[in-house]
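*Asks:* Now for the letters of each chain:
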Amino acid sequence: MAGTKAMTAQQQTPTAVPHKKGFWQRNRGLLFVLPWLFGFIVFKGYPFLSSLVYSFTDYNLFEGITKAGLFNYAEVFTDKKIQRAFGVTFRYAFMTVPLKLIFALFIAYILNFKIKGVKIFRTIYYIPSILGGSVAIAVLWKAIFKEDGIVNMILGFFGIQGPNWLANGSAAVFIIVLLRVWQFGSSMVIFLAALKGVPQDLYEAASLDGAGKWRQFFSITVPLITPVIFYNLVTQLVQAFQEFNGPYIITQGGPRGATTLVSLLIYNNAFKKYNMGLASAEAWVLFIVLMIFTAILQWSQKHWVYYSDED
Amino acid sequence: MSANTAAVTRKPMSREKQHKVSNAIKYLVLILVGFIMIYPLLWMIGASFKSNAEIFSSIGFIPKNPTLQGYKDALKGYGGDIDIWKAMLNSLKIVIPKVILTVFSCTIAAFGFARFHFKGHDVLFALLMSTLFLPNVVLNVPQYIMYNQWNWIDSPIYLPLIAPTLFAQDTYFVFMLIQFMRNIPKELDEAAKIDGCTAWGTLWRVIAPVLKPAMVSCALFQFMWSYNDFMGPLLYVSTPARYPVSIFVKMSMDADTGFAWNRILALSLISIVPSLVLFFMAQDQFIDGVSAGAVKG
Chain A
176 MAGTKAMTAQ
186 QQTPTAVPHK
196 KGFWQRNRGL
206 LFVLPWLFGF
216 IVFKGYPFLS
226 SLVYSFTDYN
236 LFEGITKAGL
246 FNYAEVFTDK
256 KIQRAFGVTF
266 RYAFMTVPLK
276 LIFALFIAYI
286 LNFKIKGVKI
296 FRTIYYIPSI
306 LGGSVAIAVL
316 WKAIFKEDGI
326 VNMILGFFGI
336 QGPNWLANGS
346 AAVFIIVLLR
356 VWQFGSSMVI
366 FLAALKGVPQ
376 DLYEAASLDG
386 AGKWRQFFSI
396 TVPLITPVIF
406 YNLVTQLVQA
416 FQEFNGPYII
426 TQGGPRGATT
436 LVSLLIYNNA
446 FKKYNMGLAS
456 AEAWVLFIVL
466 MIFTAILQWS
476 QKHWVYYSDE
486 D
Chain B
68 MSANTAAVTR
78 KPMSREKQHK
88 VSNAIKYLVL
98 ILVGFIMIYP
108 LLWMIGASFK
118 SNAEIFSSIG
128 FIPKNPTLQG
138 YKDALKGYGG
148 DIDIWKAMLN
158 SLKIVIPKVI
168 LTVFSCTIAA
178 FGFARFHFKG
188 HDVLFALLMS
198 TLFLPNVVLN
208 VPQYIMYNQW
218 NWIDSPIYLP
228 LIAPTLFAQD
238 TYFVFMLIQF
248 MRNIPKELDE
258 AAKIDGCTAW
268 GTLWRVIAPV
278 LKPAMVSCAL
288 FQFMWSYNDF
298 MGPLLYVSTP
308 ARYPVSIFVK
318 MSMDADTGFA
328 WNRILALSLI
338 SIVPSLVLFF
348 MAQDQFIDGV
358 SAGAVKG
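In order, the protein sequences belong to chains A and B.
Sequence positions in the first sequence follow my numbering and run 176 to 486.
Sequence positions in the second sequence follow my numbering and run 68 to 364.
One thing to keep in mind: the hints can contain errors.
Claimed, not checked - The calculated DSBU-like cross-link candidates involving lysine-lysine, where the alpha carbons are at most 35 Å apart (straight line), are:
# : chain 1 : residue 1 : chain 2 : residue 2
1 : B       : K253      : A       : K371
2 : B       : K253      : A       : K317
3 : B       : K93       : A       : K388
4 : B       : K160      : B       : K186
5 : B       : K143      : A       : K294
6 : A       : K291      : B       : K93
7 : B       : K84       : A       : K371
8 : A       : K291      : B       : K279
Said to hold, decoys possible - Some residues of chain B that are not near chain A, with every Cβ distance over 12 Å (derived):
#  : residue
9  : P133
10 : K143
11 : G146
12 : K160
13 : R182
14 : L336
15 : G356
16 : V357
To be verified - Covered by chain A, per the in silico footprint, the following chain B stretches (three or more residues, Cβ under 8 Å):
#  : region
17 : 112 to 121
18 : 147 to 157
19 : 183 to 197
20 : 226 to 239
21 : 242 to 256
22 : 272 to 286
23 : 297 to 307
What the hints contain is simulated information worked out from the structure, not anything from laboratory work.
The structure presented is a predicted model; accordingly, all values stated were derived computationally and were not measured.
Virtual Cβ for every residue (Gly too), placed ideally from N, Cα, C.
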């Protein structure tokens, strides 16, 4: 009774036809999901599939399609520049993600002890995550890593001759890695929330058994928060593989291609050379690589991720 | 219990001492790392008040001869149809509609997924979740082609940037709201139903008030991300008079690099003031928002 009463004019209007009323009544939730579904098809589903089609053509924004085939993929797998971009992207991701997560977990672990002023510390560590994506911070990065910038001044203070960061290949990769690692605050906040959920009595029991702080960290804390480590790992990996702002604004992909990540290469091919076909193929290869990594992580879950309750 | 007290009372002095030392180390690490983290920002503030000659001559961040020249130059603009105020206004023209539309559309979608069982629920939910990890890099090119066909490129009302938010396309927020909604007892819905509330009415009159903190979190993050967004406007805004602040700062940087560092640093600082103000006004909501999405999953 209450169910039929709740079905009022608003829900009925889209389907006034009597025999359909039953369907919408049983599937009312669908009405709320429908706008999202429409948007999904138009803004994600269709573009996603059409880019797969474009990747097999020589689609040019001004000249259209003149031929189709596997040539774009052939180019992706043979062209030295493209290969290099993939190499740089791997290197970038495999430096950024572990460094960021280790920092985040380490600081969260310390903050989780009864620390006075925990809020102030949390704020300080979180600010870079809020601002880090802005162009303003990219400008700042360019300024502090100038050859005569403060980073080299500080290194000089300790008697170290700093490199010319923006002109040296590995140094340039390092500064865009650092820009992301500096933003470990958002991962830290997630870890901190997870650490709060680890029951205190487990630590007490362990310390009675004579387990030191480090032992406790690796045999209690880490296993219990593996689901959150997993979540952070996947989201950070997806983000790192798509990094664009750092290399575009700070290093412009240079010096000599050292920081040309795949996303930058795709941008250059698509929006400077208007070669949409090749750009789509590059994007798809990147996508598939990312899928493989995610699948490996998913598969590995059962060996290291500990879920307390099957929800 | 007795074993517990015995262990605690055995050697209280050394324990206390150990505790003090380890505490001191913790604070030392926290302060040191925090200082390193925040120093670039402090330096930036200081440098914006320095003369160009002074900026790269000392490590300290406090200017010896403070000057407002950087700010004066920054506010003057670079000629053309755009200055920092116009650019910030343009940013708001993008960000405010995005925030409002996102909160409404994502709440509605989340309500549908979290509170109802319907035909295809699980398939659609799997689709939704898969878009959470769908890299944007695959979508940029085909979306550009599509918007180009629709004549949406350089639209004066920023259609390519705003329109998707009308349809809850920022999956992260839908997901976050679903997580929060799962914690709202279903009894509330039942009671509303019995009182004769429609599903639509239940959402806005019963669920929304409880969900408010989560909706505020969504609004805050959407504000921050859209305000900082660089690639979107880079692709879809080409008339200088319509540049949002992210593009404007980038253009100014290209024009200034190598000489007027105080000017570009001042300009950059002005551009992040709205983000900073918002963050300090609502940092707890930010933190709750980030944690909820991941931890309850």
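*Asks:* Verify this for me: three or more residues of the region 147 to 157 of chain B with a beta carbon less than 8 Å from a beta carbon of chain A.
*Replies:* As far as the region 147 to 157 of chain B goes, the hint is violated, because 0 residues have Cβ atoms under 8 Å from chain A.
*Asks:* Against chain A, does the region 226 to 239 of chain B show at least 3 residues with beta-carbon separation below 8 Å?
*Replies:* holds (count 6)
*Asks:* Counting residues of the region 183 to 197 of chain B whose CB is closer than 8 Å to a CB in chain A, do you get three or more?
*Replies:* Check passed, 9 qualifying residues.
*Asks:* Does the structure keep K160 of chain B and K186 of chain B at a Cα separation of 35 Å or less?
*Replies:* Since the Cα atoms of K160 of chain B and K186 of chain B sit roughly 39 Å apart, the hinted pair is violated (cutoff 35 Å).
*Asks:* Please verify whether K253 of chain B and K371 of chain A have alpha carbons no more than 35 Å apart.
*Replies:* Satisfied, since the Cα-Cα distance of roughly 26 Å is no more than 35 Å.
*Asks:* Verify that the Cβ of V357 of chain B lies farther than 12 Å from every Cβ atom of chain A, and report whether the claim holds or is violated.
*Replies:* violated, 5 Å
*Asks:* If you look at each residue in the region 112 to 121 of chain B, do at least three have a Cβ nearer than 8 Å to any Cβ of chain A?
*Replies:* violated (count 1)
*Asks:* Can you confirm whether chain A covers the region 272 to 286 of chain B, using C-beta to C-beta distances below 8 Å and requiring at least three such residues?
*Replies:* violated (count 0)
*Asks:* Are the Cα atoms of K291 of chain A and K279 of chain B separated by 35 Å or less?
*Replies:* Roughly 30 Å separates the two Cα atoms, so the pair holds.
*Asks:* Check the non-interface label on L336 of chain B: least C-beta distance to chain A beyond 12 Å or not.
*Replies:* At about 7 Å from chain A, L336 of chain B fails to clear the 12 Å cut-off, so the statement is violated.
*Asks:* Could you grab the alpha-carbon distance between K84 of chain B and K371 of chain A and see if it respects the 35 Å cut-off?
*Replies:* Holds. K84 of chain B to K371 of chain A sits at ~26 Å (cutoff 35 Å).
*Asks:* Given the hinted pair K93 of chain B and K388 of chain A, is their Cα-Cα distance within 35 Å?
*Replies:* holds, 13 Å
In summary, the structure is inconsistent with hints 2, 4, 5, 13, 14, 15, 16, 17, 18, 21, 22 from the numbered list given earlier, while agreeing with the others.
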